[in-house]
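*Asks:* Sequence:
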Amino acid sequence: MAYTPTTLLSLPVITTGSESGAWGDITNNGLTQYLDISIAGALSITATTTLANTAGTSTVTNIASTTAQYRTLIIPASGPSANIVITAPSSNRTFHVINRNATYTVQIRAGANSGVTLQPNQSATVGYDSVAGDYVLVGPIGPTVPVSSGGTGLSTTTAYGLIAAGTTSTGNFQQVSGTGSSGQVLTSNGAGALPSWQSASGISTGKAIAMAMIFGF
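So this note's numbering is basically just the index in the sequence shown, starting at one, shifted up by 4.
Derived from the structure by calculation, the hints contain no laboratory data. As the structure is a prediction and not an experimental result, all values here were calculated from the model. Some hints could be false.
[To be verified] Here are the computed distance ranges between Cβ atoms for each label pair:
1) Pro-144 - Ala-44: 18 to 26 Å
2) Ala-6 - Val-140: 32 to 40 Å
3) Gly-115 - Gly-83: 20 to 28 Å
4) Ala-44 - Ser-185: 51 to 59 Å
5) Ser-94 - Ala-68: 34 to 42 Å
6) Leu-12 - Ser-200: 51 to 59 Å
7) Thr-98 - Asn-32: 47 to 55 Å
8) Val-142 - Gln-188: 42 to 50 Å
9) Gln-178 - Ile-43: 39 to 47 Å
10) Gln-202 - Gly-115: 51 to 59 Å
Using N, Cα and C, we set each Cβ at its ideal position, and we do this for glycine too.
Make the full structure from the sequences, and use the hints.
*Replies:* Below, the structure is given as structure tokens:
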């Protein structure tokens with residue numbers, strides 16, 4: 005064999021003057037098909053997997069369900085039965101990761117590192133950071149941004165409404181019900197639930213003003 009794969013993407017480098025009559029097959033299987041999936045290809049992943057570079061030959065592409073040269077990794081809405089961990093090559097590349105599943109998370113990492121974890125129904129672009137030796141977030145998370153990434157975890161809010169920190173089990177913020185009525189104040193129920201709008205009766209003017217300053221209304 006007078007051709008060798010490149011270091012990063014395993015594309016064929018053919019020795020000049022060799023592979024007479026096989027150039028077309030080697031190029032088609034080892035270069036054209038790989039450029040196609042690395043630019044516009046999507047790989048469906050339904051379980052924890054390790055991705056690795058594959059290389060084409062004069063007879064086959066060797067592109068498989070664990071090929072690492074795909075541009076987009078999709079976790080479908082149905083199929084997964086547990087949280088998914090994707091271990092990808094430790095080389096400079098980016099992936100579009102789309103988690104369409106409403107139940108399970110997906111983590112993409114290099115080796116046994118922490119990488120990036122996407123919550124159910126989230127997507128993001130991640131890239132390998134050679135300094136950190138792991139995959140990091142390089143594009144926005146959507147459609148909602150989790151608290152761990154500086155967001156609220158909410159996809160919609162009520163106009164002029166307020167949001168408050170959610171429970172520790174969800175790690176997201178929650179919408180305080182409605183915007184209240186004229187003269188109402190936001191009051192705790194003392195039981196760990198979200199505060200709610202209540203009548204201001206029995207609250208002195210000074211206390212009502214103090215609460216208005218704290219909550220910004």
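*Asks:* Can you name, in rising order, the numbers of the hints this structure does not satisfy?
*Replies:* Going through the list in order, the structure violates hints 5, 7 and respects the others.
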